[in-house]
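J.: In case you want the letters, here they are:
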Amino acid sequence: MKDILSLFFAYARSGLKSRFQYKVDAIVVIFAVFLREAGGVIAMYLALQKFGTINDWSIDELLFLFSLIFITYGIFIVFFMALRDFPDWIKHGDFDRVLLRPRGVLTQLVLCGADWLAAFGHGTLGILLLIISANRVGVEWNVKTVLYYLMCVIGGVLIQGAVFLAFSAITFYVLETNSLKEIFYWNMRKFAIYPLSIYNKFIQAILIFVVPFAFVNYFPAQFFLQKPDMASYPTWFMYITPIVGIVLYALAYAFWRFSLRFYKSTGN
Amino acid sequence: MNRYLQFAVIRFKSKTAYRFDYFLGILNSLLSFVVYYSIYKALYGGAQSIDGISFSMVTTSFLISLGLSSAFNKNEMFLQDKIKQGTIANELLKPVNFKLRMLFEDAGEGAFNVVFNFLPTALIAALFANICAPSGAINMLLCIASVILGYIVLWQISFIVQCWSFWLFSVWGLVTIKNVVINILAGSYIPMWFMPEKIRSILRFTPFESIYFMPVQLYLGGLSQWEILLGFLRQLAWIAGLYVIGELCWRSGIKRLVIQGG
Chain U
1 MKDILSLFFA
11 YARSGLKSRF
21 QYKVDAIVVI
31 FAVFLREAGG
41 VIAMYLALQK
51 FGTINDWSID
61 ELLFLFSLIF
71 ITYGIFIVFF
81 MALRDFPDWI
91 KHGDFDRVLL
101 RPRGVLTQLV
111 LCGADWLAAF
121 GHGTLGILLL
131 IISANRVGVE
141 WNVKTVLYYL
151 MCVIGGVLIQ
161 GAVFLAFSAI
171 TFYVLETNSL
181 KEIFYWNMRK
191 FAIYPLSIYN
201 KFIQAILIFV
211 VPFAFVNYFP
221 AQFFLQKPDM
231 ASYPTWFMYI
241 TPIVGIVLYA
251 LAYAFWRFSL
261 RFYKSTGN
Chain P
269 MNRYLQFAVI
279 RFKSKTAYRF
289 DYFLGILNSL
299 LSFVVYYSIY
309 KALYGGAQSI
319 DGISFSMVTT
329 SFLISLGLSS
339 AFNKNEMFLQ
349 DKIKQGTIAN
359 ELLKPVNFKL
369 RMLFEDAGEG
379 AFNVVFNFLP
389 TALIAALFAN
399 ICAPSGAINM
409 LLCIASVILG
419 YIVLWQISFI
429 VQCWSFWLFS
439 VWGLVTIKNV
449 VINILAGSYI
459 PMWFMPEKIR
469 SILRFTPFES
479 IYFMPVQLYL
489 GGLSQWEILL
499 GFLRQLAWIA
509 GLYVIGELCW
519 RSGIKRLVIQ
529 GG
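Heads up: the protein sequence lines correspond to chains U and P, in order. Residues 1 to 268, numbered by this note's numbering, are exactly what the first sequence covers, in order. Residues 269 to 530, numbered by this note's numbering, are exactly what the second sequence covers, in order.
These are computed hints drawn from the structure, not numbers from a lab. Any given hint could turn out to be false.
[As the list claims (entries may be wrong)] Computed, partial: chain U to chain P, Cβ under 7 Å:
#1 GLN21
#2 ASP25
#3 ALA26
#4 ARG36
#5 PHE51
#6 SER58
#7 TRP141
#8 LYS190
#9 MET230
#10 SER232
#11 ILE240
#12 ILE243
#13 ILE246
#14 VAL247
[Claimed, not checked] Which stretches of chain P does chain U cover? Using the computed rule of at least three CB atoms under 8 Å from a CB of chain U, they are:
#15 271–285
#16 298–305
#17 409–421
#18 476–489
#19 500–509
[Claimed, not checked] Using 27 Å as the maximum straight-line C-alpha spacing, the simulated DSSO-like pairs for lysine-lysine come out as follows:
#20 P/LYS352 to U/LYS17
#21 P/LYS350 to U/LYS190
#22 P/LYS446 to U/LYS50
#23 U/LYS201 to P/LYS446
#24 P/LYS350 to U/LYS91
#25 P/LYS309 to U/LYS227
#26 P/LYS352 to U/LYS23
#27 U/LYS190 to P/LYS309
#28 P/LYS342 to U/LYS190
#29 P/LYS362 to U/LYS23
#30 P/LYS446 to U/LYS91
#31 U/LYS23 to U/LYS50
#32 P/LYS523 to U/LYS23
#33 U/LYS91 to P/LYS309
#34 U/LYS50 to P/LYS309
#35 P/LYS362 to U/LYS91
#36 P/LYS350 to P/LYS281
#37 P/LYS309 to U/LYS23
#38 P/LYS362 to P/LYS342
Glycine is no exception: its CB is placed at the ideal position from the N, C-alpha and C atoms.
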């Protein structure tokens with residue numbers, strides 16, 4: 001464990017150093033990511049100035065909902081960025097290098113590829129939204145709720161990590177998975193930002209059972225907010241985000257281990 | 269002029285090579301539309317109209333801005349890449365106006381996106397969403413004219429931002445920030461009708477209002493002749509103003525340009 005930590009810090013140090021080589025540029029990029037993600041939030045804020053609420057969610061409650069997706073993505077991108085760009089690793093032959101080193105394959109991938117600038121952009125936005133909204137929506141913070149919030153964040157990171165781990169495993173068979181990711185991750189994420197109940201049943205089913213983004217933000221937020229639209233879903237959905245995260249990640253990991261055998265180097 | 273048109277045609281044809289990409293592109297656009305459709309359906313909560321704006325007017329306005337943004341979906345790192353790789357030197361030697369060539373190539377790509385991305389998306393969207401019919405043949409023509417002017421405004425803003433690559437390490441951040449500002453203030457994220465009055469009164473003095481909202485209003489009808497004339501004059505004035513700024517940036521950039529090797 002100590003070994004892994006020191007490896008992570010070594011990677012983090014060199015990663016940060018290289019990204020901050022051009023300091024002004026790095027800060028502009030962080031700000032740009034922050035603003036790009038905040039765009040949808042600002043639009044929603046302006047719209048609710050006119051409409052008041054959306055499916056009974058006030059703007060503060062929405063900000064609380066948004067904060068979960070940004071915080072989890074900010075952490076996700078520190079650990080799973082190499083899996084996000086995994087087809088490139090295979091195509092460029094970088095993956096062969098990983099296989100030759102005396103550490104676990106996935107351990108190395110998880111530790112090495114942090115996209116720090118995007119992580120700061122998303123993370124700052126998420127934390128800012130949480131700070132703005134947490135008190136106003138009347139969440140009672142005590143040991144139990146704080147602990148559950150942290151477990152939901154970890155669960156949310158693992159859910160997204162599991163999706164990418166599964167896609168990376170598929171890459172061993174088909175080499176190119178960016179289009180699949182576009183359909184099943186990026187597009188689903190567009191939906192997942194907003195309250196699940198505004199969509200038709202088909203989209204809801206996908207977000208609950210296929211790419212379970214609903215457990216990243218909607219159901220955990222319901223645990224804290226108890227909005228009336230929760231009545232359409234089983235109550236226990238509010239409590240299982242950490243379990244969904246761990247189970248999905250374990251399944252994805254098993255699939256990854258199984259698929260790794262079929263890896264053939266594409267050469268370079 | 270013919271020669272520049274060829275640039276547009278070539279770019280259009282080269283885009284047709286990637287078949288799978290268009291299906292994906294259509295799906296992406298369609299899903300973006302569904303997100304906005306669902307949000308505004310929930311916001312309307314079954315009401316027929318709010319402040320005289322019906323739900324189908326809102327969906328129509330989103331569809332039109334989707335069309336314009338798909339026309340404008342292009343590589344905004346173009347100039348930076350040319351400068352970084354030094355290939356801009358060869359471009360400057362060619363007997364064509366670099367800026368005009370860039371405009372026509374982008375327009376060719378935009379035309380491709382409209383035909384193969386926006387039109388199929390709009391047809392599918394019309395199957396499940398209530399989309400208003402155009403308010404008349406003349407208004408439709410005026411709408412298309414205004415879209416073209418809006419495109420030129422957008423293009424020039426993009427060109428000015430891209431010109432910063434003569435001075436900066438990377439313009440990715442600036443381009444992204446510019447796009448967020450345009451998407452919010454020009455009304456592609458939120459229809460202009462619902463923009464708070466204070467912000468709207470400021471927006472009248474910027475080029476943003478005329479980009480997406482003018483075509484929407486022309487398509488839906490209801491503008492007086494005087495308002496139409498004023499709108500077009502405003503668009504033309506912005507094109508002229510932005511042209512001057514763009515030329516200044518471009519010329520001082522070229523003067524500063526140093527090419528390493530080649």
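J.: Please go over all the hints and tell whether each is borne out by the structure.
T.: Going down the list of hints, with the structure as the test:
{"no.": "1", "hint": "GLN21", "verdict": "violated, 9 Å"}
{"no.": "2", "hint": "ASP25", "verdict": "holds, 5 Å"}
{"no.": "3", "hint": "ALA26", "verdict": "violated, 9 Å"}
{"no.": "4", "hint": "ARG36", "verdict": "holds, 5 Å"}
{"no.": "5", "hint": "PHE51", "verdict": "holds, 5 Å"}
{"no.": "6", "hint": "SER58", "verdict": "violated, 13 Å"}
{"no.": "7", "hint": "TRP141", "verdict": "violated, 29 Å"}
{"no.": "8", "hint": "LYS190", "verdict": "holds, 5 Å"}
{"no.": "9", "hint": "MET230", "verdict": "violated, 15 Å"}
{"no.": "10", "hint": "SER232", "verdict": "violated, 13 Å"}
{"no.": "11", "hint": "ILE240", "verdict": "violated, 25 Å"}
{"no.": "12", "hint": "ILE243", "verdict": "violated, 28 Å"}
{"no.": "13", "hint": "ILE246", "verdict": "violated, 29 Å"}
{"no.": "14", "hint": "VAL247", "verdict": "violated, 27 Å"}
{"no.": "15", "hint": "271–285", "verdict": "violated (count 0)"}
{"no.": "16", "hint": "298–305", "verdict": "holds (count 4)"}
{"no.": "17", "hint": "409–421", "verdict": "violated (count 0)"}
{"no.": "18", "hint": "476–489", "verdict": "violated (count 0)"}
{"no.": "19", "hint": "500–509", "verdict": "violated (count 0)"}
{"no.": "20", "hint": "P/LYS352 to U/LYS17", "verdict": "holds, 22 Å"}
{"no.": "21", "hint": "P/LYS350 to U/LYS190", "verdict": "violated, 33 Å"}
{"no.": "22", "hint": "P/LYS446 to U/LYS50", "verdict": "holds, 25 Å"}
{"no.": "23", "hint": "U/LYS201 to P/LYS446", "verdict": "violated, 36 Å"}
{"no.": "24", "hint": "P/LYS350 to U/LYS91", "verdict": "holds, 25 Å"}
{"no.": "25", "hint": "P/LYS309 to U/LYS227", "verdict": "holds, 19 Å"}
{"no.": "26", "hint": "P/LYS352 to U/LYS23", "verdict": "holds, 19 Å"}
{"no.": "27", "hint": "U/LYS190 to P/LYS309", "verdict": "holds, 16 Å"}
{"no.": "28", "hint": "P/LYS342 to U/LYS190", "verdict": "holds, 21 Å"}
{"no.": "29", "hint": "P/LYS362 to U/LYS23", "verdict": "violated, 36 Å"}
{"no.": "30", "hint": "P/LYS446 to U/LYS91", "verdict": "violated, 33 Å"}
{"no.": "31", "hint": "U/LYS23 to U/LYS50", "verdict": "violated, 40 Å"}
{"no.": "32", "hint": "P/LYS523 to U/LYS23", "verdict": "holds, 26 Å"}
{"no.": "33", "hint": "U/LYS91 to P/LYS309", "verdict": "violated, 44 Å"}
{"no.": "34", "hint": "U/LYS50 to P/LYS309", "verdict": "holds, 14 Å"}
{"no.": "35", "hint": "P/LYS362 to U/LYS91", "verdict": "violated, 36 Å"}
{"no.": "36", "hint": "P/LYS350 to P/LYS281", "verdict": "holds, 22 Å"}
{"no.": "37", "hint": "P/LYS309 to U/LYS23", "verdict": "violated, 44 Å"}
{"no.": "38", "hint": "P/LYS362 to P/LYS342", "verdict": "holds, 23 Å"}
Hints 1, 3, 6, 7, 9, 10, 11, 12, 13, 14, 15, 17, 18, 19, 21, 23, 29, 30, 31, 33, 35, 37 from the list above are not met by this structure, while the remaining hints are.
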